[in-house]
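Trainee: Chains A and B, in that order, give the protein sequences. Under this note's numbering, the first residue of the first sequence is numbered 4, with each subsequent residue one higher. Under this note's numbering, the first residue of the second sequence is numbered -11, with each subsequent residue one higher.
It should be emphasised that the hints constitute simulated quantities derived from the structure, not laboratory data. Every residue, glycine too, gets a C-beta built ideally from N, C-alpha and C. Hints may contain errors.
As the list claims (entries may be wrong) - Keeping only pairs whose Cα atoms sit at most 30 Å apart, straight-line, the calculated DSSO-like set for lysine-lysine is: (1) Lys99/A with Lys125/B; (2) Lys226/A with Lys31/A; (3) Lys226/A with Lys112/B; (4) Lys31/A with Lys275/B; (5) Lys99/A with Lys29/A; (6) Lys99/A with Lys123/A; (7) Lys232/A with Lys112/B; (8) Lys112/B with Lys85/B; (9) Lys275/B with Lys29/A; (10) Lys29/A with Lys211/B; (11) Lys275/B with Lys165/B; (12) Lys178/A with Lys211/B; (13) Lys161/A with Lys123/A.
To be verified - Here are the simulated distance ranges between beta carbons: (14) Gln98/A with Ser56/B: 48 to 54 Å; (15) Phe229/A with Met201/B: 28 to 34 Å; (16) Asp33/A with Ser177/B: 54 to 60 Å; (17) Ser149/B with Asp34/A: 55 to 61 Å; (18) Asn72/B with Gly77/A: 56 to 62 Å; (19) Leu8/A with Ile150/B: 36 to 42 Å; (20) Glu185/B with Lys31/A: 53 to 59 Å; (21) Val56/A with Ser177/B: 24 to 30 Å; (22) Glu185/B with Asp33/A: 47 to 53 Å; (23) Gln98/A with Gln96/B: 51 to 57 Å; (24) Ser149/B with Ser51/A: 31 to 37 Å.
Claimed, not checked - Chain B stretches covered by chain A per the calculated footprint, using a threshold of three residues with CB under 8 Å from any CB of chain A: (25) 4 to 15; (26) 39 to 53; (27) 70 to 80; (28) 160 to 168; (29) 217 to 229.
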Amino acid sequence: MKSKLLQLNNCSWSVSALGEQALLIKPKQDDVSLQLIHESCRIIGESSIPGVVDIIPAYESIAIIYDRVLNDLGSEIDILSNAFRHISAENHSPQKHVIPVCYELGLDWEEVENYTGMEKARIIQIHLAGAYTVAMMGFLPGFLYLSGLNEEIACPRKQEPRSRIPTGAVGIGGKQTGVYSLESPGGWQIIGRTPLSFFDARKDPPTEVRAGNQVVFERITEKEFFKLKDRET
Amino acid sequence: MGSLEVLDGGLLTTIQDGGRFGYRQYGVPVSGAMDDYAYRLANQLVGNASDLPVLEMTLNGGRYRFNSDAVIAMTGADMHPKINGEDISLNTSLEIKSGDVISFDYCQTGCRSYLAIRGQLDIKEVLGSCSTYLTGKFGGFEGRALREGDVLSWTESEGSSIPERVPEDRFPYYSSKVELRILEGPEWSWLSQHQKEQFLNTEFDVSPDSNRMGIRLKGDSIKPTDHQMVSGPVIPGTIQLPENGRPIIIMKDGQAVGGYPRIAKIADADLWRAGQLWSGVQLTFRKINREEANKLSAFQKNLLYSE
């Protein structure tokens, strides 16, 4: 596939097509940080590039989706380069969110304890001590993929995915932790539940959380969970 | 205001439009009509703007009673539509009288039909679109499929003209043997020559567990690649190759990011055909280049919009 270099956020990116109406851009360096991806997404978003309808951040790449067919990648790269020239690449300090979690409402404690060889109290302590970054929101609306999990409590996904995971479930999937924003099927190990909702289609934007934001967890009791849950709904 | 009452919502009838754009960064799929060609044709036939919401029916459309006169058109898979028991034609505009009952049966080829009503359906936009997103339970009619007792209303429109006739060569055609043209995906080069040939020479069956999120294929499985993939963006039409070697085509309600190699992508000009795939279809792929794909897109646009 045709490839040409693009300069963005003090980094060279390769550009290729993702079908007729989308570009896939990837930093040309070995260690791609999530911060580079998210900061660059912000820059692309603020660049008001004609015809761009969606920007999808992922771990090591970004898709830019247009409402038109891209006939010539070379000229699209020139348009992008020009747009970026007017946007500052200075870092914004990421927004922080505190997510209350009731660990008593976890569903898979036995499996997680067995796998990690640690007791529940210790696992909770480690989970609470972590500082996490919202890596991306995919899979489902508002599903938060959080990177930064202490590897000591990493845990493989369930052999047999659950057909129903409740809203707000907090889980561990491999080296990530995350929050299920909607009731859905899923294979992560559920260790707790938050009463907060991270997705509301009636609001625009539907969530206050963005890829690149920082997250810490705060422990709450079951009583507090239901009190907060009532207030949410 | 015109209105109709749902007597039977069929197997899965939802409201869909041109799609929900601008929210994929939050994990919200684009949604919208699975067969974009038939969908736009339906609107065109009743003199609507091509991206207004319509009813998308799956396999069997159900029954509906009109409480007012209306101009309607049906396109897509042939579900043998009838008005008060009398057969009616697809791909043409029809006048409905208040009290008329329109009914559908199972279709043989294709799986989705579109019913457009002249005017604007009274559906509230959610995040910029009227499309129903079933998993998220939002959009369309209360975020769900239509069912008995639901009443849909619309504002009648004046002005724009109804085409007297659309030439037959613009009608979509569905078959139980389908060839879809594809472009190379970002991970196409991960496949060995043998795997590539296998992919392009296999006649796949469409699995019955396909839906608006994705179309799953059966057939001789392809040896998976040894490379490990870091989750990357996917769009409708992206063909992923999971570890079991059976390709999945991401469709309109599909996720924004996926973790399997994106070996190919259905050409935009053929994506509407993919939206009609159902169990029993024999599917093959043919690789084309970008230039050809862009030409096909332009040709299709002309076909749909030229007078």
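Trainee: If a hint holds in the structure, say so; if it doesn't, say that too.
Mentor: Taking the hints in turn, this is what the structure says about them:
At roughly 28 Å between alpha-carbon atoms, Lys99/A and Lys125/B fall within 30 Å of each other, so this suggested pair holds. A hinted pair counts as satisfied when its Cα atoms are at most 30 Å apart, and Lys226/A with Lys31/A does not qualify at roughly 50 Å. Taking the CA atoms of Lys226/A and Lys112/B, the gap is about 37 Å. The hint is violated against a cut of 30 Å. For the proposed pair Lys31/A and Lys275/B, the alpha carbon gap of about 28 Å is at most 30 Å, so the pair holds.
Between the alpha carbons of Lys99/A and Lys29/A the distance comes to roughly 27 Å, so the proposed pair stays at or under 30 Å and holds. Of the pairs offered as hints, the one joining Lys99/A and Lys123/A holds, with about 26 Å between alpha carbons and a cut-off of 30 Å not exceeded. Straight-line distance between C-alpha atoms of Lys232/A and Lys112/B comes to about 27 Å, which keeps the hinted pair within the 30 Å bound. Straight-line distance between C-alpha atoms of Lys112/B and Lys85/B comes to about 26 Å, which keeps the hinted pair within the 30 Å bound.
Only pairs whose Cα atoms come within 30 Å are accepted, and Lys275/B paired with Lys29/A is accepted, the gap being roughly 25 Å. This hinted pair checks out: Lys29/A and Lys211/B have alpha carbons roughly 27 Å apart, not beyond 30 Å. Distance restraint check for Lys275/B and Lys165/B: the Cα-Cα separation of roughly 17 Å lies within the 30 Å cut-off, and the hinted pair is therefore satisfied. Simply put, Lys178/A and Lys211/B have alpha-carbon atoms about 27 Å apart, close enough for the 30 Å limit, and the pair holds.
In summary, the hint linking Lys161/A to Lys123/A is supported, as the alpha carbons are separated by about 18 Å, within the 30 Å threshold. In this structure the hint that Gln98/A and Ser56/B lie 48 to 54 Å apart at CB holds, the actual value being about 50 Å. At about 33 Å, the beta-carbon gap between Phe229/A and Met201/B stays in the expected band of 28 to 34 Å. Asp33/A and Ser177/B have their C-beta atoms about 19 Å apart, which leaves the hinted 54 to 60 Å range violated.
A hinted range of 55 to 61 Å for the beta carbons of Ser149/B and Asp34/A is consistent with their spacing of about 60 Å. Evaluation of the 56 to 62 Å hint for Asn72/B and Gly77/A yields a pass: the beta carbon distance comes to about 59 Å. For Leu8/A and Ile150/B, the hinted distance range of 36 to 42 Å is not satisfied, since their beta carbons lie about 51 Å from each other. The given range of 53 to 59 Å is broken by Glu185/B and Lys31/A, whose C-beta atoms sit roughly 31 Å from each other.
For Val56/A and Ser177/B, the Cβ-Cβ distance of about 28 Å falls inside the hinted range of 24 to 30 Å, so the restraint holds. Evaluation of the 47 to 53 Å hint for Glu185/B and Asp33/A yields a failure: the beta carbon distance comes to about 33 Å. Distance hint check for Gln98/A and Gln96/B: the Cβ-Cβ separation is about 54 Å, which falls inside the suggested range of 51 to 57 Å. A hinted range of 31 to 37 Å for the beta carbons of Ser149/B and Ser51/A is consistent with their spacing of about 36 Å.
Counting residues of the region 4 to 15 of chain B whose C-beta lies closer than 8 Å to any C-beta of chain A gives 7; at least three are required, and the coverage claim holds. Only when three residues or more bring their CB closer than 8 Å to a CB of chain A does the claim for the region 39 to 53 of chain B stand; here the count is 0, and the claim is violated. For the region 70 to 80 of chain B, the assignment as covered by chain A is violated, since 0 residues bring a beta-carbon within under 8 Å of that chain's beta-carbons and 3 are needed. Coverage of the region 160 to 168 of chain B by chain A is violated in this model, with 0 residues showing a Cβ closer than 8 Å to a Cβ of that chain against a need of three.
Against chain A, the region 217 to 229 of chain B contributes 7 residues with a C-beta closer than 8 Å to a partner C-beta. That satisfies the three-residue criterion, and the hint holds.
In terms of the numbered hints stated before, the structure departs from hints 2, 3, 16, 19, 20, 22, 26, 27, 28, listed from lowest to highest.
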